[in-house]
Amino acid sequence: MRTRIVNEDSLAEAKDTVLRVLGNGSRGISNCVLLRLRQSKILFNCGIGDSGFRSNGCDVFITHLDWSKIGGLLPLIYKTSGANKAQLTVCGPPGLDVFIKEAATKFLRVKDFTVNLADHDTSLNSQFRNISITSIPIRNKNPTHFKPPPVDKSWVSRSFVHKVPGCLKFNGTASGKIDSNVSYSYICRAETSRLWNLSECVKRGIQPGSNMQKLWNGESVVVEDGSVVKPEDVIEYEVWPNVIVVDCPTYGYIDNLLAKGEYEEFYKGEKLMVVHFTPAHVMHDQRQEVCRMIAPKFFPKLPVPNDFLDLTGAPDWVEFGDMYLESVSLEPVRDSAPSQSWLKKWKRMPKDLKLVQSWPGTTIHLADRSVTKSSDPLITSEPPQFNEPSAYYPQNPRITFLGTGSQSMSSHRSTSAILVQMSPDKSMLLDCGDGTILQLASLLGEADLQKLLTSIRCIYISHTHGDHHIGLIGVLQAIRKAWKSTRHEPKQVLLLLPAPLLAWFEFYNEKLEPIFHNTVMFSLSELITSNEPNRKKFHNFLEKVLDINNIKLCWAKHSAFSCCVTIEHKCGWKISYSGDSQYNPRFIEIGKNSDLLIHEATYAAGLSKMANAAKHSTTADAIRVGREMNAKQIILTHFSQRYPVVPRLVDLDDTLNVSVAFDHLQVNLNDVGHLPKLNETYKTVFGDYVADVEDLHERLMKKQLVMTDDEVSSEQ
Numbered sequence: 000m001r002t003r004i005v006n007e008d009s010l011a012e013a014k015d016t017v018l019r020v021l022g023n024g025s026r027g028i029s030n031c032v033l034l035r036l037r038q039s040k041i042l043f044n045c046g047i048g049d050s051g052f053r054s055n056g057c058d059v060f061i062t063h064l065d066w067s068k069i070g071g072l073l074p075l076i077y078k079t080s081g082a083n084k085a086q087l088t089v090c091g092p093p094g095l096d097v098f099i100k101e102a103a104t105k106f107l108r109v110k111d112f113t114v115n116l117a118d119h120d121t122s123l124n125s126q127f128r129n130i131s132i133t134s135i136p137i138r139n140k141n142p143t144h145f146k147p148p149p150v151d152k153s154w155v156s157r158s159f160v161h162k163v164p165g166c167l168k169f170n171g172t173a174s175g176k177i178d179s180n181v182s183y184s185y186i187c188r189a190e191t192s193r194l195w196n197l198s199e200c201v202k203r204g205i206q207p208g209s210n211m212q213k214l215w216n217g218e219s220v221v222v223e224d225g226s227v228v229k230p231e232d233v234i235e236y237e238v239w240p241n242v243i244v245v246d247c248p249t250y251g252y253i254d255n256l257l258a259k260g261e262y263e264e265f266y267k268g269e270k271l272m273v274v275h276f277t278p279a280h281v282m283h284d285q286r287q288e289v290c291r292m293i294a295p296k297f298f299p300k301l302p303v304p305n306d307f308l309d310l311t312g313a314p315d316w317v318e319f320g321d322m323y324l325e326s327v328s329l330e331p332v333r334d335s336a337p338s339q340s341w342l343k344k345w346k347r348m349p350k351d352l353k354l355v356q357s358w359p360g361t362t363i364h365l366a367d368r369s370v371t372k373s374s375d376p377l378i379t380s381e382p383p384q385f386n387e388p389s390a391y392y393p394q395n396p397r398i399t400f401l402g403t404g405s406q407s408m409s410s411h412r413s414t415s416a417i418l419v420q421m422s423p424d425k426s427m428l429l430d431c432g433d434g435t436i437l438q439l440a441s442l443l444g445e446a447d448l449q450k451l452l453t454s455i456r457c458i459y460i461s462h463t464h465g466d467h468h469i470g471l472i473g474v475l476q477a478i479r480k481a482w483k484s485t486r487h488e489p490k491q492v493l494l495l496l497p498a499p500l501l502a503w504f505e506f507y508n509e510k511l512e513p514i515f516h517n518t519v520m521f522s523l524s525e526l527i528t529s530n531e532p533n534r535k536k537f538h539n540f541l542e543k544v545l546d547i548n549n550i551k552l553c554w555a556k557h558s559a560f561s562c563c564v565t566i567e568h569k570c571g572w573k574i575s576y577s578g579d580s581q582y583n584p585r586f587i588e589i590g591k592n593s594d595l596l597i598h599e600a601t602y603a604a605g606l607s608k609m610a611n612a613a614k615h616s617t618t619a620d621a622i623r624v625g626r627e628m629n630a631k632q633i634i635l636t637h638f639s640q641r642y643p644v645v646p647r648l649v650d651l652d653d654t655l656n657v658s659v660a661f662d663h664l665q666v667n668l669n670d671v672g673h674l675p676k677l678n679e680t681y682k683t684v685f686g687d688y689v690a691d692v693e694d695l696h697e698r699l700m701k702k703q704l705v706m707t708d709d710e711v712s713s714e715q
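Note that numbering that gives the first Met the number 0 has the sequence shown beginning at 0, numbered continuously upward.
These are calculated hints, taken from the structure and not from any lab test.
Glycine included, C-beta positions come from ideal geometry on N, C-alpha and C.
Just so you know, not all the hints are guaranteed correct.
[To be verified] Label-pair distances were calculated between CB atoms; the ranges are:
(1) Pro-147 to Glu-445: 25 to 31 Å
(2) Gly-444 to Thr-528: 42 to 48 Å
(3) Asn-517 to Leu-443: 19 to 25 Å
(4) Asp-424 to Leu-677: 28 to 34 Å
(5) Val-684 to Gln-640: 16 to 22 Å
[As the list claims (entries may be wrong)] Derived BS3-like pairs: lysine-lysine, alpha-carbon spacing no greater than 30 Å straight-line:
(6) Lys-569 to Lys-608
(7) Lys-608 to Lys-682
(8) Lys-701 to Lys-84
(9) Lys-591 to Lys-535
(10) Lys-702 to Lys-556
(11) Lys-84 to Lys-608
Please build the complete structure, drawing on both the sequences and the hints.
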């Protein structure tokens with residue numbers, strides 16, 4: 000299931016209080032919960048794809064440093080800065096600041112933006128508007144010190160030191176070190192608020208003035224008819240439940256969690272909500288089972304899935320930290336005998352509770368603890384039947400557009416990612432934006448997804464902008480799990496990366512969690528500049544792994560280290576992909592006579608001034624490249640968020656071989672020629688949007704005429 004929130008302001012009225020599940024950690028979805036209390040908005044964890052909702056005024060609290068909980072933080076920073084917001088407050092375990100700073104030096108480009116780092120002390124107490132939040136560090140009694148698997152860098156002979164120009168500032172105390180054996184739990188206390196009951200004031204004869212002031216100060220007053228009015232007669236008190244967020248990534252954290260005294264004040268509380276990010280197998284630990292008999296409010300019993308996965312003996316960091324509520328149930332793998340000291344503390348806790356099984360879109364109204372769901376899982380008695388594209392094979396590859404938007408995820412388009420399937424066991428990804436694994440999961444069933452992931456042999460990243468590579472870590476993790484489930488030796492995955500990203504992914508692999516398994520890394524810079532013997536050696540390697548005769552690269556006319564690519568298969572077909580680039584004669588040269596050109600078209604025709612300032616192409620530029628390249632077919636992608644549903648289709652008039660991409664568009668190479676026939680149909684189906692695009696285009700054309708160069712640059 001795929002859930003994306005376009006505008007969280009629609010979740011509730013400003014005075015309302017809700018807790019919204021944005022992701023429950025199930026297949027392809029991250030762990031993320033949004034708490035809204037009056038005007039305060041707090042995001043607990045920010046995983047892959049969670050940057051797709053509007054983040055105005057939102058503070059982010061991370062429970063643990065793993066990709067499912069921090070993967071969306073970098074796109075969120077970028078999107079928040081693009082929304083003309085000057086700052087974002089984040090809190091999390093030691094090392095969260097190091098993670099953000101490393102990204103800022105390698106690829107994260109923002110202008111005049113401040114990240115406020117909340118303190119990492121044991122007793123962190125900060126006042127976020129009208130909510131007091133206390134962080135509780137929980138330590139792993141069995142610290143994991145993983146040794147990252149070796150990475151084949153024999154093809155990388157030079158290291159590039161490249162600092163991204165930007166103005167990302169940090170405010171607060173930095174930890175300066177990474178500690179992956181600490182998890183943060185949070186206690187959120189909401190202040191009690193008072194509201195005048197105006198109808199009661201009128202009924203009891205309370206006039207504006209001194210009497211209202213006395214009542215507000217807690218004094219009773221005598222009105223004209225001699226009756227006594229007490230404060231509680233005319234003043235209503237809003238008492239919101241306290242919210243506790245708990246995350247025990249592995250068994251090793253349980254003892255320290257149970258030993259914390261900060262929770263004791265809540266044992267007898269009536270209004271309390273506990274949000275568990277704890278994986279299912281940890282929730283079934285014997286210590287938690289004993290606690291469940293005493294205090295079900297804190298330790299609810301989970302529904303047991305029918306499917307069991309035996310991971311006995313596997314180290315915690317390999318599997319357990321990645322298991323979620325609805326995905327798996329495991330037996331304990333360690334001696335988990337409970338002690339008596341902490342059991343005595345909890346014997347008087349109330350037994351009543353309401354268990355809510357989370358699903359993306361679940362909203363809990365804290366005032367009355369009612370639950371609503373904007374969406375439910377689709378359950379069918381048998382798999383639905385769809386009309387699928389014709390079979391693909393090496394002579395007729397299948398191209399699937401997983402993301403066709405730009406900058407950040409939106410409700411209609413994800414960020415750049417294209418899947419090219421050459422055979423059942425040989426596939427490659429062209430770019431890998433935020434949410435790529437989510438797109439794959441929403442496209443395929445579980446069995447088909449595992450087969451596809453094990454078929455990915457090459458991932459090409461065109462340049463360093465986050466909307467083209469943020470999803471890579473999630474995809475690599477999914478590939479590792481898929482291979483592990485087959486119990487076969489994993490095949491090599493080739494990573495073709497811009498030089499600055501090699502250092503970024505190495506940092507993550509060595510300092511946070513291992514992501515490289517049987518991986519070979521290549522620097523695009525060296526592939527462009529290397530001598531003929533090295534290029535020949537590389538092409539022989541590609542032919543052995545992917546049946547590709549040749550990959551040609553050239554510099555794109557975009558940011559530093561940006562590339563365009565052409566792929567020539569041994570069966571004779573040729574596909575060219577522009578990545579992000581302006582009109583580029585060098586790309587035309589290497590892509591001559593392509594069977595398919597996939598070209599970015601961020602801007603509509605006529606907006607050349609804006610496109611050039613942003614170093615992107617217009618629709619007209621992309622079509623021109625295709626004609627001069629003599630490409631048989633052209634598919635346009637990477638559309639600006641100004642065109643959320645469809646681009647300006649009028650630009651395709653008078654063309655016979657140009658079509659537009661949508662998310663999940665899937666077409667075989669032999670069938671691409673049929674896509675342009677759909678352009679007129681799109682105008683009919685999306686008629687209202689087409690009219691809106693024309694109105695927008697007219698306004699942009701007028702605006703472009705009077706804009707200065709600085710104003711044009713800020714429009715990108």
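**Item:** Non-conforming hints, listed in increasing numerical order
**Value:** Result: hint 6 breaks, nothing else.
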